[in-house]
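S.K.: Chain by chain, the residues:
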Amino acid sequence: MWRWLVIAVGVLTLSALSGVGAYQLVRPAIERGHAGGTPGKWQEIAWTFPRDGWPAGRAFRCASCGGGGVELYVRPKIGFCNCDKGVADDDEVDRVADLDLISARFAPSEAGKAVHVAGLAGRSRFYNLKMQDGAQHAAIGIALSHRCDLLVAVAQGNATPSELQHEALEYLASGEMHRWMLASLGGR
Amino acid sequence: MSGRVKFAILAAVSVACANGAAAQQQKIGAPPESQNMKLVGYSDLQARSAYQPTIHRQGDRYIAYIGHHGGTDDIPMPLNPLTGNAEPNGTSIVDVTDPAHPKYLKHIPGQEGKYESGGAQMVRVCDGKSLPKGDPNAVYMLRAVGSQGHEIWNVADPANPVLVVKLGQGLKDTHKNFWECDTGIAYLVSGVPEWRTRRMTEVYDLSDPAHPQKIRDFGLPGQEPGSTGAVPTELHGPISLGPEGNRVYFGYGTDKGGFLQIVDRNKLLSGPKEPTPENLRYPEVARMPMSAFNGAHTVFPMKGMPIAEFAKDKDGQARDIVMIVDEAILNECAEPRQMVWFADVTTETRPMVISSWTVPEASGNFCERGGRFGAHSSNESMAPVFYKKMAFIAFFNAGVRALDIRDPYHPKEVGYFIPSITEKTDKRCVPVEGKDRCKVAIQTNNLETDDRGYIYIVDRANTGMHILEMTGPARAVAGLK
Chain A
1 MWRWLVIAVG VLTLSALSGV GAYQLVRPAI ERGHAGGTPG KWQEIAWTFP RDGWPAGRAF
61 RCASCGGGGV ELYVRPKIGF CNCDKGVADD DEVDRVADLD LISARFAPSE AGKAVHVAGL
121 AGRSRFYNLK MQDGAQHAAI GIALSHRCDL LVAVAQGNAT PSELQHEALE YLASGEMHRW
181 MLASLGGR
Chain B
1 MSGRVKFAIL AAVSVACANG AAAQQQKIGA PPESQNMKLV GYSDLQARSA YQPTIHRQGD
61 RYIAYIGHHG GTDDIPMPLN PLTGNAEPNG TSIVDVTDPA HPKYLKHIPG QEGKYESGGA
121 QMVRVCDGKS LPKGDPNAVY MLRAVGSQGH EIWNVADPAN PVLVVKLGQG LKDTHKNFWE
181 CDTGIAYLVS GVPEWRTRRM TEVYDLSDPA HPQKIRDFGL PGQEPGSTGA VPTELHGPIS
241 LGPEGNRVYF GYGTDKGGFL QIVDRNKLLS GPKEPTPENL RYPEVARMPM SAFNGAHTVF
301 PMKGMPIAEF AKDKDGQARD IVMIVDEAIL NECAEPRQMV WFADVTTETR PMVISSWTVP
361 EASGNFCERG GRFGAHSSNE SMAPVFYKKM AFIAFFNAGV RALDIRDPYH PKEVGYFIPS
421 ITEKTDKRCV PVEGKDRCKV AIQTNNLETD DRGYIYIVDR ANTGMHILEM TGPARAVAGL
481 K
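Protein sequence lines correspond, in order, to chains A and B. Going left to right, the first sequence walks through residues 1 to 188 as the numbering used here numbers them. Going left to right, the second sequence walks through residues 1 to 481 as the numbering used here numbers them.
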């Protein structure tokens, strides 16, 4: 009798873990640095920002991108989007794209534009970030919607805005990142 | 033990463990769950998703005005049996003079659109005779129309409302307005296109509702046009204590990064109006940031509450309290718990949270029932029957919860009511492995009380409006016989 109970509990535990396993399935390839257009180009690094209203996302660094490397921060924001309108305007990119994680002092350098990445529609916008040490960085904020949810990304570094955009969008559109993004938005 | 018996036990254990919570899911035909609260009457509200109920005494009648969210994917425009037409959700008008037999009088269609993109979710009502320049024979209903603007209707004959004026058109969004019936000052939650947020405040003088006068725009520094950097959390709604109290309490946020902002009303109305950071800060008395995990849907002020425990203290026997209610927005507990907080604002510039309250999840396995679980809103009536004694909190799939708040340092539940679902109750879904997994549960969204002691709760998932009363020992808390 006890043997059967133990088996039953085991089966249930394995079932519960299967969902988590599916979500994690896509991570190893990214962590080996094979997710970008160029194998090994992007390396996952620690998410160093303090806890805020959303769970931590994922951070990546491309040392060879631009003139001095580019960092990319990505995370889902579940239930933070107009379900019908999606990312409606540039103000919404200002509000949601996590630029304030890097610096609360940011200013758009030009109007944003519509983007489509990995089947998700949204907007991107270029910014100038003023860091605490007085340095200024270019950055791009990206907000993509899926139903009532958002996938946001911010890339910054010593690169031109167009380089930032190219590298960030290319990496987000890569197969492994695409799968992780969809999994993080509920698997759809 | 035979193989068949073992298999049966294994299957039973598996099913019981995997679906233990399913036993808690609501079923059509099952009775409501309740304690010290009783159903008095019911209206299905034409199976429209309901947001704000406002109960207004008009002469000898009590009229309920209910704002609706937009339609659903399945039924974008429900049928209005009174007209025979499919109509986009708007405002329901129900005669609740006899609460046991509410009579549906009228549906005023709202903006086409689904969920929060349509409808006419917010509604406030003032008598013309109480407004300084109103038509004394009129009763005015102010409503938000979808995301686009606001309207005022004359509902003196609630079965035959007449449009008076439209205002604030072309907005990004609207939400939970407030209207002072004795002065006409209205705080409209709007999204003025140039502002960096979907929801801020347009302050209007609606003392003559037929001729609205815009006073100013207001919001948090960083939300104003032309600003840069981080954008503070958007507004949810204000409540004013009018010229006598000289304070307006603003709640910002839903389920994240909220603020309670206390504003000097005189400075807000008469101060410099250009939306510069300095001018936006000028009327602010205090701003209390909440946790990144919680927002402020409703901020309900209760000044001068005598605290029995402090009665013998030489100072501080009475406290100014603000009840802050968060809003849960995600289904099946996919976010930090949204609940109720009490802040002591006696020293206004140093507000401090002193207590909190939530429904114990395990008391109903609410995270497994489907839909949202958590707080959303409270009653806002300041009628003496319940004010500073009891508060009613809409808790989505946990129904309405009645709290004894006479000691806000130690709020305690004295009753609850979770309505039954019906065949009209809409499903709520979560993504599981790429597909929607849906459940049907009550979603008590908002509520209001009247001066007779009835409690009106409305459902976001199309179940309608339930009119309730307190029973048993809980009536004593409010001093009801």
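Simulated from the structure, these hints should not be mistaken for laboratory data. Misleading hints may appear alongside valid ones.
Computed from the model, here is a short list of chain B residues facing chain A with C-beta under 10 Å [to be verified]:
#1 PRO193
#2 GLY242
#3 PRO243
#4 GLY245
#5 LYS389
#6 GLY434
Chain A stretches covered by chain B per the calculated footprint, using a threshold of three residues with CB under 8 Å from any CB of chain B [claimed, not checked]:
#7 59-65
#8 156-168
The calculated lysine to any residue pairs, modelled on SDA-like cross-linking and capped at a C-alpha distance of 20 Å, are [said to hold, decoys possible]:
#9 LYS435/B to LYS130/A
#10 LYS130/A to ALA230/B
#11 LYS113/A to TYR115/B
#12 LYS130/A to LYS439/B
#13 LYS85/A to LYS439/B
#14 LYS113/A to LYS439/B
#15 LYS439/B to GLY187/A
Every residue gets a Cβ at the ideal spot worked out from N, C-alpha and C, and that includes glycine.
S.K.: The structure should be examined with respect to each hint, and the outcome stated for every one.
M.R.: Evaluated hints:
no. : hint                 : result
1   : PRO193               : holds (9 Å)
2   : GLY242               : violated (32 Å)
3   : PRO243               : violated (34 Å)
4   : GLY245               : violated (32 Å)
5   : LYS389               : violated (34 Å)
6   : GLY434               : holds (4 Å)
7   : 59-65                : violated (count 0)
8   : 156-168              : violated (count 0)
9   : LYS435/B to LYS130/A : violated (43 Å)
10  : LYS130/A to ALA230/B : holds (12 Å)
11  : LYS113/A to TYR115/B : violated (27 Å)
12  : LYS130/A to LYS439/B : violated (47 Å)
13  : LYS85/A to LYS439/B  : violated (25 Å)
14  : LYS113/A to LYS439/B : violated (38 Å)
15  : LYS439/B to GLY187/A : holds (19 Å)
The structure fails hints 2, 3, 4, 5, 7, 8, 9, 11, 12, 13, 14 (numbered hints given earlier, in ascending order).
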